[in-house]
Amino acid sequence: MLVLAGSLDALDAWEPPDGPVAVAGSAAAFRGLEGALDEARTHVTSDPLWWYPASSRTEVESLADQIPEPAWWLLLEGSPLHARSLWRHSKLAERWRHAPGPVVALGSSGSVLGEVMIDPRGGAPTTGVGLYRDRVVTPILAEPLRDRTLTLLGTGTRLEELLPDSLLLLEVSE
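Numbering of the sequence shown is given in my numbering, commencing with residue 1 and proceeding in unit increments.
Treat the hints as calculated values from the structure; they're not laboratory data.
The C-beta atom is built at its ideal place from N, Cα and C for all residues, glycine as well.
There's no promise every hint is true.
Said to hold, decoys possible - Restraint ranges, calculated between C-beta atoms of paired labels, are given here:
| no. | residue 1 | residue 2 | range |
| --- | --- | --- | --- |
| 1 | R148 | E94 | 28 to 36 Å |
| 2 | Q66 | D165 | 33 to 41 Å |
| 3 | A13 | R146 | 19 to 27 Å |
Use the sequences and the hints to build the structure in full.
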């Protein structure tokens, strides 16, 4: 299961499973990994909290082999394009696809996990990690960008904007 949360505050409304949480800080690399972890600790009470600040593709691939199976995963908010460059076609993304527990993604990190994601630089659809299909999830778009995105997506694709207080539960696609 995937849980896309608009923010850490929105995550407060969700009941995580008991057991360890593996926190992937990859997307937060440009805003500060330690600060992102401190922020997550204010909302996440799962114990233990395993911290994986991988900020390069090599580190992500290495972690995929080393991380024991957590009760759930938390993917921190940050740069969606950086996250996509690390997670797309990675062993870590395959772990998430087959994870027995939920994978929770905050903010723009959730948009990256879809088969299609929106490039935040101009609103164009591009390939994502591929963990869910049949919809495109994005943080709130400014109206001109939303109009451009809808035009580029065409009529057959569902666009959902993830509000800061929203939670979206999705099944992982095989």
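These are the hints, each one checked on the structure:
| no. | hint | verdict |
| --- | --- | --- |
| 1 | R148 x E94: 28 to 36 Å | holds, 33 Å |
| 2 | Q66 x D165: 33 to 41 Å | holds, 35 Å |
| 3 | A13 x R146: 19 to 27 Å | holds, 26 Å |
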